[in-house]
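There are 2 protein chains.
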Amino acid sequence: MLRIRRAHPEDSAAIWSILEPVIRAGETYALDRAMPRTAALAYWVGGDKETFVAEGEDGALLGTYYLRANQSGGGSHVANCGYMTASTATGRGIARAMCNHSLDRARQRGFRAMQFNFVVSSNTRAVALWQSCGFAIVGRLPLAFAHPTLGMGDALVMHQAL
Amino acid sequence: MLRIRRAHPEDSAAIWSILEPVIRAGETYALDRAMPRTAALAYWVGGDKETFVAEGEDGALLGTYYLRANQSGGGSHVANCGYMTASTATGRGIARAMCNHSLDRARQRGFRAMQFNFVVSSNTRAVALWQSCGFAIVGRLPLAFAHPTLGMGDALVMHQAL
Numbered sequence: 001m002l003r004i005r006r007a008h009p010e011d012s013a014a015i016w017s018i019l020e021p022v023i024r025a026g027e028t029y030a031l032d033r034a035m036p037r038t039a040a041l042a043y044w045v046g047g048d049k050e051t052f053v054a055e056g057e058d059g060a061l062l063g064t065y066y067l068r069a070n071q072s073g074g075g076s077h078v079a080n081c082g083y084m085t086a087s088t089a090t091g092r093g094i095a096r097a098m099c100n101h102s103l104d105r106a107r108q109r110g111f112r113a114m115q116f117n118f119v120v121s122s123n124t125r126a127v128a129l130w131q132s133c134g135f136a137i138v139g140r141l142p143l144a145f146a147h148p149t150l151g152m153g154d155a156l157v158m159h160q161a162l
Numbered sequence: 001m002l003r004i005r006r007a008h009p010e011d012s013a014a015i016w017s018i019l020e021p022v023i024r025a026g027e028t029y030a031l032d033r034a035m036p037r038t039a040a041l042a043y044w045v046g047g048d049k050e051t052f053v054a055e056g057e058d059g060a061l062l063g064t065y066y067l068r069a070n071q072s073g074g075g076s077h078v079a080n081c082g083y084m085t086a087s088t089a090t091g092r093g094i095a096r097a098m099c100n101h102s103l104d105r106a107r108q109r110g111f112r113a114m115q116f117n118f119v120v121s122s123n124t125r126a127v128a129l130w131q132s133c134g135f136a137i138v139g140r141l142p143l144a145f146a147h148p149t150l151g152m153g154d155a156l157v158m159h160q161a162l
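Sequence lines, in order, name chains A and B. Under my numbering, the first residue of the first sequence carries the number 1, and numbering increases by one thereafter. Under my numbering, the first residue of the second sequence carries the number 1, and numbering increases by one thereafter.
No lab work stands behind these hints, which were simulated from the structure alone. The C-beta atom is built at its ideal place from N, Cα and C for all residues, glycine as well. One thing to keep in mind: the hints can contain errors.
Only part of the chain A face toward chain B is listed, based on derived beta-carbon distances under 7 Å [what the hints assert, rightly or not]: (1) VAL22; (2) GLY26; (3) ALA30; (4) ASP32; (5) GLY75; (6) GLY139; (7) VAL157.
In isolation and in its complexed conformation, chain A is listed as follows (with noise of 0.2 Å):
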């Protein structure tokens, strides 16, 4: 049983537990790996965002996402999210189950179409989610990221029309 539900201030001590060890590992997000607590907040839970957490039975948060408008004026009409899955809570379908709430707020919402910009191409099960769950590669940015253990690599621009 997942509950997802809009994220709340009391929320911040958890969703930084989510953030942060996957911000460190530096793997998947193009994001500062030294990125502190309240700008890895300000970024995820945003003005501009709407975002969301996916809470189990006893109330723990095992994943959160953000949705926003991918751009502004003529671009507004396509979506962009963001999805992070508690460390302890990977392979249980959270990612799916946060990706499939968030494709029906997108169209709740009137958007037309969701974009992913940056889909670091060495991470295979989340590029494989992501086209199960609907979405097309539509983009390929060559050597667009540094992986630390990797080394240079693909990131992908994934989309779907809603």
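Please build the complex by placing chain B on the supplied structure of chain A, with the hints as guidance.
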């Protein structure tokens, strides 16, 4: 004769006179067409950007561009730029001069590639210009841009290694 130099605070009015018609037209940038001056200048001359101006012989500003890292962390070796030419100065090679200047500057700063995230495909002059400057199309974002008169069209991701 064109002199390209760093923008100074005193250039704000002249930069805004270049930005305003481009933003209000809404044909080439995914920005809110009603974006106010303060927000537009904060966007163009923001803290994460190095902003340049192209000055004609008489000191008038004929164009402006910014250079920044396109991503943080593992993506910070890729540069990103935005260019605008004064509406009175199009067709005089100013965008090309700014692009070449930005490529040199990006190399000088140690960037390994340059990426444009959102080139409106109906802006065929820009697409051809970037291609002639060495950029390749590495992604196509389907119907990502709502042009005010042409309707929905694709946007392109363009890239070149440095």
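Verification of the supplied hints:
1. VAL22: Cβ of A:VAL22 sits 11 Å from chain B, so the hint is violated.
2. GLY26: Status holds, d = 6 Å.
3. ALA30: holds, 3 Å
4. ASP32: Nearest chain B Cβ about 5 Å off; hint holds.
5. GLY75: With a minimum Cβ separation of about 3 Å from chain B (threshold 7 Å), the hint on A:GLY75 holds.
6. GLY139: holds, 2 Å
7. VAL157: Holds, about 5 Å.
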